[in-house]
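Peer 1: Below, each chain spelled out in residue letters.
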Amino acid sequence: MKTAAKIFLYISLALVAVWILPWAWRIATLKSYSTPFTLYSCVIHDFTSLDRTDNNELTFIDRNGNVHSDEVQPLFYGRVLNNKGMLPDTLNGRPVTLALIDSMNVTFSARPSDFNKKDIPVCLFMESVPVRMELQDPEDAFVIRKDGIVLYDITQNTLEEEKTKAFSNALASEGFVFPVVKYSGNPSHHKSYDEGYLLIDSAGNLFQMKQVDGEPFARRFTQADGINVKYVCITELSSKAILGWFTDDSDNMYFLHPNGQVVRTEVKYNPSKESLLGVGDLFYYTIKTSDDDGEHFYALDADDFSLVDTMDRPYEFEDEFNLCEYIFPCRLYFTSSKEEWVRPHFTDFSWIGLIVDLIAAGFVIFLRRRHKSHR
Amino acid sequence: MGIYTPLGCSYLCKTLGTAMEPVISCEHLTHYYGRRKIYEDLNFEIAPGHIVGLLGKNGTGKTTTINILMGYLTPTSGSCRIFGEESHCISPITRERIALLLEGHVQYSYMTISQIEKFYSSFYPKWNREAYYSLMDKLKVAPGQKISRMSNGQRSQVSLGLILAQNADLLVLDDFSLGLDPGYRRLFCEYLRDYVKARGKTVFLTSHIIQDLEKLVDEVIIMDYGSILVQESAASLMGRFPGLTLEDIFIELTGKY
Amino acid sequence: MVKMILYKEWLKTKGFLFGALGALALLLFYCLLSVIKTAQINGIETLWELVLEHNQVLVETLKYFPLALGALLAVTQYLPEISRKRLKLTLHLPCSQNKTVFVMYGYGLIVLTAFFALISIVIYAVLNHYLAAELVNRVFATVAVWYLAGYAAYLSGCAICIEPTWRMRAVLMLMTAALLLLLFISGTPEAYNRILPGLFIYVLCGQLLIFHSIKRFKEGLQD
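Protein sequences appear in the order of chains A, B and C. Mapping to our numbering: the first sequence position 269 is 388, numbers consecutive. Mapping to our numbering: the second sequence position 176 is 181, numbers consecutive. Mapping to our numbering: the third sequence position 87 is 206, numbers consecutive.
Just so you know, these hints were derived from the structure itself, not from any lab. Some clues are possibly wrong.
Pairwise CB distance ranges (calculated) [to be verified]:
hint, chain 1, residue 1, chain 2, residue 2, range
1, C, Trp129, B, Glu135, 42 to 50 Å
2, B, Tyr38, C, Ser215, 28 to 36 Å
3, B, Asn157, C, Ser153, 50 to 58 Å
4, B, Thr79, A, Arg489, 14 to 22 Å
5, A, Arg264, C, Ile304, 50 to 58 Å
6, C, Ser153, A, Ala136, 38 to 46 Å
7, C, Ile229, B, Arg154, 28 to 36 Å
8, C, Lys218, A, Asp410, 54 to 62 Å
9, A, Thr154, C, Thr157, 15 to 23 Å
10, A, Tyr312, C, Ala187, 43 to 51 Å
11, C, Leu340, B, Glu135, 38 to 46 Å
12, C, Ile304, B, Lys123, 42 to 50 Å
13, C, Lys218, B, Arg154, 26 to 34 Å
Listing some non-contacts, in silico: residues in chain B with all C-beta distances to chain C over 12 Å [to be verified]:
hint, residue
14, Ile73
15, His93
16, Ser139
17, Pro148
18, Gly188
19, Asp223
20, Gly244
Virtual Cβ for every residue (Gly too), placed ideally from N, Cα, C.
Using the sequences and the hints given, assemble the complete structure.
Peer 2: This is the structure we're talking about:
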């Protein structure tokens, strides 16, 4: 018991040391780092980044270092240009109006923590075609169970057996193989329309399910059959250009048209490890994925999502002195911005730290033995 | 008969009386608190059936000795045995034979006298309820009164009652007179002596109030800083210093060296 | 003998336990009344939205109660034992010292478990009326971490109280603070699901520290 207690104590102290002390060092030496906002320009057909010039002026700079005014991004700054009376009538041979620009400008994003978390097997389920024009707060929810889904009237917390049967049958008739493995939906009335949920079944196939006038609507994205769908995300863009996107197990990114068409893009994206930002307009979609090494930009044609251009921007971190790598063999942390889980991660292994600790431990043991023998 | 030599020398003591195995024996006991030496190479034995008083000035190691004996302190070196068992791992069966009084008559002060009797009686098969309540009847406290609400003297009576009721073979009392007025000290000594002599118990006690012990103890061990000055029967010691009380003898010995 | 040790612990703690029960009753009343009133005034669907869209568990009022209960129970049980070193009386009792110590803190663990069971029953009785079983499970998976903090605070509190030197007490307090920091580092429901079993085992291993402190007490270590 005595030995076990000592081992427990020493291990606990060691874990506390490699957790708290490196964390304190990182907090003390934290420096801000930012990257410029980057969009593909429909005017110069190149990536432009909002950055500071040598004169400390904030402006758009292309990859060749040329400086441009806000007019290089007329769709992003459409409202500003319109107010100044500088909005062009046509762009790339297409007539443009502010209303058109507003309707086609879209953004969507995702973070790893959106996917690295506990999937709650309960989903609020709203009526996609409400009696009044505006969407209402959901009054139903479906619960994912091993053998199917169960619908609840959440205003009463009661099971809706008929709806359960109806929706389950609607999915089953499309070939859905229960249980639901992954899902994506946005049950908020703060949007212009609702497309229900995108669901992945246990066979890796992709489906859509929504509630239309209380009745089930279910369809299978047959063009996604055979693709091992790994992650899915509904977007419900105001332009209705994309219903959502999904990735496969090789990190290929696909877009879903509202008409059911599936378009494979050239974007490589792992939702569990990278952040995503998509900014779309009338002509191009700029997709940015970020990981620990840097940012990767893809410019896609807005009509067919074919790849137009790419750009990589690795992070330029200076080699900072890290005291902890000379003191500790590793660093322990429990939380990460990439996930909602609390769990131990060991990283930043250092042989120098290990050797220093072993020498220090040996020295302490030697001193204690000498102290005891003197007594 | 014990032999004493001037301060600073260790010496070997022989037990008085019978050739029975000693109840307590300490061999080559040495203890330091940090760098401060309490004593070095201490040796003594206590035979069964004796009341032995461990006397010494403050800081000479009386409570240290009790703590080592009871297994609450690991000596720097040396060993102690009680009833033949190493003091740091006394078995429960042996602990049943030892009644312990902590300095200051410390007890479970959140209990009442009936609660504490109920508690202790379940641990000691030879528990003598009458011995306890005969003392408690004299206390004149309310039945639900907690020990924490009693005076020092009343608490000492409770402690004494518990000690006596345990019917233990060895009584270890650490500074039993601390905080007591002369009346309670006399009551304690009289009760204890009558009880012990009637039943042939062994008592090992410490005190810094010497005058109470003259009529109580059979044998004295007088400690000074670092070693034992004297270990012999009280009668023999007082015989060597005629006309002096035990207290005078103590001052003579500890003051001189 | 086990019965009498439990009796002793009961005598020491009964006042505190009645007080804790009263405090718990008030907390539960306030917490669950809020839930009931929200359901009555805003609709049951509001509770579903709070749980699903806002990552709430509806019983956040109780978050630190288990921790406070565990820590205060440890102090209530062991402060009288270490005051004037009364623990010597307990360790001198004629039964196995390890068993005595085990029964003493076992009493505390049982008391904590009883409180947590009571909290769970009351929460379940109310929430089950308004939420699907899966959402109630989500609440309990989150509350389980708070219970763990209660056990951790209790076992650490026992070890800290018994420990005779302030230097080692400081070390134990540091360890306890780190463990409690870990248990409350995330407020996201079910964030600890993956490490809950491991954490549970680790917290229970904290019993070793109690025996470690007892051993140091018996060695007579001091500052």
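Peer 1: Would you assess whether Pro148 of chain B, listed as outside the interface, keeps its beta-carbon beyond 12 Å of every beta-carbon in chain C?
Peer 2: It holds; Pro148 of chain B is separated from chain C by about 15 Å at its closest Cβ, greater than 12 Å.
Peer 1: Is 26 to 34 Å right for how far apart the beta carbons of Lys218 of chain C and Arg154 of chain B are?
Peer 2: 32 Å, holds
Peer 1: When you look at the beta carbon of Asp223 of chain B, is every beta carbon of chain C farther off than 12 Å?
Peer 2: 25 Å, holds
Peer 1: Quick one: are Thr79 of chain B and Arg489 of chain A within 14 to 22 Å, going by C-beta?
Peer 2: Since Thr79 of chain B and Arg489 of chain A have Cβ atoms about 19 Å apart, the given range 14 to 22 Å holds.
Peer 1: Just checking, Gly244 of chain B versus chain C, shortest CB gap more than 12 Å?
Peer 2: Holds, since 37 Å exceeds 12 Å.
Peer 1: 38 to 46 Å was suggested as the range; check whether the CB atoms of Leu340 of chain C and Glu135 of chain B agree with it.
Peer 2: Cβ of Leu340 of chain C to Cβ of Glu135 of chain B: about 41 Å, so the range 38 to 46 Å holds.
Peer 1: Using the beta carbons of Lys218 of chain C and Asp410 of chain A, state whether their distance is inside 54 to 62 Å or not.
Peer 2: This hint holds: roughly 57 Å between Cβ atoms.
Peer 1: Minimum Cβ separation between Gly188 of chain B and chain C greater than 12 Å?
Peer 2: 24 Å, holds
Peer 1: Determine whether the Cβ-Cβ distance between Ser153 of chain C and Ala136 of chain A falls within the hinted range of 38 to 46 Å.
Peer 2: 42 Å, holds
Peer 1: Could you tell me whether the CB distance from Tyr312 of chain A to Ala187 of chain C stays inside 43 to 51 Å?
Peer 2: 49 Å, holds
Peer 1: Could you tell me whether the CB distance from Ile304 of chain C to Lys123 of chain B stays inside 42 to 50 Å?
Peer 2: Since Ile304 of chain C and Lys123 of chain B have Cβ atoms about 47 Å apart, the given range 42 to 50 Å holds.
Peer 1: Quick one: are Arg264 of chain A and Ile304 of chain C within 50 to 58 Å, going by C-beta?
Peer 2: Since Arg264 of chain A and Ile304 of chain C have Cβ atoms about 32 Å apart, the given range 50 to 58 Å is violated.
Hint violations for this structure: numbers 1, 5, 9, 14 and 15, all remaining hints satisfied.
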